[in-house]
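Asks: Chains E and P are the protein sequences, given in the same order. Okay, so the first sequence: first residue is 1 according to full-length UniProt numbering, each after it adds one. Okay, so the second sequence: first residue is 1 according to full-length UniProt numbering, each after it adds one.
No lab work stands behind these hints: they were computed from the structure. Predicted model, so just to flag it, every value in this text is computed and none were measured. Beta carbons are placed, not taken as given, at the ideal position from N, Cα and C, and that holds for glycine. Fair warning: there could be bad hints in the mix.
What the hints assert, rightly or not - Within a straight-line C-alpha distance of at most 30 Å, the following computed DSSO-like cross-link-like pairs (lysine-lysine) qualify: (1) P:184 / P:104; (2) P:17 / P:7; (3) E:146 / P:60; (4) E:89 / P:105; (5) P:255 / E:157; (6) E:242 / E:146.
Unchecked claim - Quick list of the computed label-pair ranges, beta carbon to beta carbon: (7) E:69 / P:108: 50 to 56 Å; (8) E:61 / P:86: 28 to 34 Å; (9) P:105 / E:147: 55 to 61 Å; (10) E:76 / P:105: 26 to 32 Å.
What the hints assert, rightly or not - According to the in silico footprint, chain P covers these stretches of chain E (three or more CB under 8 Å from chain P): (11) 150–159; (12) 170–177.
Take a look at the letters that make up each chain.
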Amino acid sequence: MVIAVRRIIFFATLFTIWEILYRLNQVYEVRSTTLFPSPIGAVEQLYIGFFETGILTEALSQSLQRIAVGFTLAVIIGALLGIVLGISKIADETLGSLVIALQSVPSIVWLPIAFVLFGVGNTAIIFVVTLGGTWAMTLNMRMGIKNVEPILIRAAKTMGYQGKELVWRVMIPASIPSALTGMRLAWAFGWRALMAAELIGRGGLGRTLMDARDFYNMDLVIAIMVIIAVIGLIVEYLVFNKIEKNVLSRWGLNDNR
Amino acid sequence: MQSVSIKNVEKTFSNTKELGSFTVFDDISLNIQEGEFVSLLGPSGCGKSTLLNIIAGLDKATKGTIYVGDHLVNGPGSDRGVVFQEAALMPWLTVLDNVTFALKKKLPKQEAKKRAEEYLKLVHLSRFLDSYPYELSGGMKQRVSIARALAMDPDILLMDEPFGALDEQTRSMLHKELHDIWEKTQKTIIFVTHNIRESILLSDRIVLMGTRPGGIREVYPVSLDRPRDTSSTGFIQLEKEINSVLAKEIDKVMKEEIGDGYSR
Ligand SMILES: Nc1ncnc2c1ncn2[C@@H]1O[C@H](COP(=O)(O)OP(=O)(O)OP(=O)(O)O)[C@@H](O)[C@H]1O
Ligand SMILES: [Mg+2]
Chain E
1 MVIAVRRIIF
11 FATLFTIWEI
21 LYRLNQVYEV
31 RSTTLFPSPI
41 GAVEQLYIGF
51 FETGILTEAL
61 SQSLQRIAVG
71 FTLAVIIGAL
81 LGIVLGISKI
91 ADETLGSLVI
101 ALQSVPSIVW
111 LPIAFVLFGV
121 GNTAIIFVVT
131 LGGTWAMTLN
141 MRMGIKNVEP
151 ILIRAAKTMG
161 YQGKELVWRV
171 MIPASIPSAL
181 TGMRLAWAFG
191 WRALMAAELI
201 GRGGLGRTLM
211 DARDFYNMDL
221 VIAIMVIIAV
231 IGLIVEYLVF
241 NKIEKNVLSR
251 WGLNDNR
Chain P
1 MQSVSIKNVE
11 KTFSNTKELG
21 SFTVFDDISL
31 NIQEGEFVSL
41 LGPSGCGKST
51 LLNIIAGLDK
61 ATKGTIYVGD
71 HLVNGPGSDR
81 GVVFQEAALM
91 PWLTVLDNVT
101 FALKKKLPKQ
111 EAKKRAEEYL
121 KLVHLSRFLD
131 SYPYELSGGM
141 KQRVSIARAL
151 AMDPDILLMD
161 EPFGALDEQT
171 RSMLHKELHD
181 IWEKTQKTII
191 FVTHNIRESI
201 LLSDRIVLMG
211 TRPGGIREVY
221 PVSLDRPRDT
231 SSTGFIQLEK
241 EINSVLAKEI
251 DKVMKEEIGD
261 GYSR
């Protein structure tokens, strides 16, 4: 509770100071007034964009659709790839090093190639989002599989489990906590990649932000940035953190046991 | 049920950190009859778990062979149930599911569940069927792991200090349960322990192991009538006899580990 109150006071203060600066600037014109955004203006733009014109509703829903598809693909591909790398030494030594190399490439640099491959549209952007999340998912899944406690595998072997069954019934369930970390990172990278791609591509929050800038509507630019931050926070902290906490304690990995 | 015969088994760990390679024991031979209850007793580090794991088929012997009945051990199998020194429960499964997990390969679902419940009742965990391992104490986890191995109904039970983490009361209760199960099912049991009393109480034979060189020091047949009375003269005499030899072995280990500063 105390923390919540402190936070509210902090953000209210920030908001007020900013608004004061905005008003002072309108009087003294230190900077061009059209390019100086106001927090109250941003709130107004949020209202207009969601409830009057609907441009923000539309942009947000397009962005969410893209991240949903890209994230799902990243998780599926990453999980499969991670399992293969975790199990097969040969795959790990070859394909694994390629994954590590690819992981250090910011996925947005794939956009030009994506445009060539898929045209300037939805598919290219989803491609970049998917690449943004896949490698984090892969590497975390791989870690999970590699770090399964050997005693669990040995125990299952004495119960007659072997080969594929060991993978499905022991190794994969045992690596769920790592997989979740991978999913959280895949989402975070994917969301960032999406915004970068939309600034250049078509549709979604990113494109709307660029359009707003072109019309010198700085209040709308700020409004969109707020939406981007809020969506990021909600998913990373409310959704994933909650799930991770539950899973970690179930798997006996919590610190405060 | 099945006999176990261990023939000239050696175990050497190559590429260990300090020593390069390390031979735990170099020539262990032992014949265990069908339905026999044998305890392995010995100081920490003498290779009791190592031998048990080799019999389980989880580790390979460097030399020698192990037969279960007339079939050569070359991997794990559900004819040999293992209770590990650590409980080794699947953390994502409930207590009940941990036990049925071991039965899924041989029984239909409903039957597996019924059998699991039955054995969990035996170890007094009926109230915890839906708990997860992280909600249990060390002793409770160990009891789940015992129930799991018993429920599998293997020909041979390999138990690695199964009662080490339990309080005295639970321990003696489980001694009785294990004894009854053994009598009823005529399973062959190989039972690792540090506890001389426990081994005399339960076993037909006690195999005393030592270190450097690792191997079998003595084999004590226990001919006392069952159920055994820990205060009978025969019991106490045997306990003393084993204790004097075991104490020497433990002394040897202590001296090596602690160095010259050690004295009794
Ligand atoms: N994977 C391994 N690599 C190298 N050395 C090992 C390995 N496993 C066991 N050892 C060594 O083998 C010896 C026997 O170990 P083991 O676990 O069988 O002992 P133990 O008799 O079961 O002891 P305790 O009573 O403490 O459980 C020890 O000295 C140990 O250091
Ligand atoms: Mg041991």
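Asks: Now tell me if each hint is right for this structure.
Replies: Cross-check of the supplied hints:
Only pairs whose Cα atoms come within 30 Å are accepted, and residue 184 (chain P) paired with residue 104 (chain P) is accepted, the gap being roughly 24 Å. Under the criterion of a C-alpha separation no larger than 30 Å, the hint pairing residue 17 (chain P) with residue 7 (chain P) is consistent with the structure, at around 29 Å. As the CA atoms of residue 146 (chain E) and residue 60 (chain P) are separated by approximately 22 Å, the hinted pair is consistent with the 30 Å bound. Among the hinted pairs, residue 89 (chain E) with residue 105 (chain P) is consistent with the structure: their alpha-carbon atoms are about 28 Å apart, no more than 30 Å.
Taken as a hint, the residue 255 (chain P) and residue 157 (chain E) pair is broken in the structure, with Cα atoms around 38 Å apart against an allowance of 30 Å. With a C-alpha separation of about 25 Å, the suggested pair residue 242 (chain E) and residue 146 (chain E) falls inside the 30 Å cut-off, and the hint holds. The beta-carbon spacing between residue 69 (chain E) and residue 108 (chain P), approximately 41 Å, falls outside the hinted interval of 50 to 56 Å. Range check, residue 61 (chain E) to residue 86 (chain P): about 51 Å between beta-carbon atoms, so the 28 to 34 Å window is missed.
A hinted range of 55 to 61 Å for the beta carbons of residue 105 (chain P) and residue 147 (chain E) is inconsistent with their spacing of about 26 Å. Range check, residue 76 (chain E) to residue 105 (chain P): Cβ separation about 29 Å, and the 26 to 32 Å hint holds. Beta-carbon proximity to chain P at under 8 Å applies to 8 residues in the stretch 150–159 of chain E; the threshold of 3 is reached and the given coverage holds. Using a Cβ-Cβ cut-off of 8 Å, 4 residues of the stretch 170–177 of chain E lie near chain P, which meets the minimum of three, so the contact claim holds.
The earlier numbered hints that this structure contradicts are 5, 7, 8, 9.
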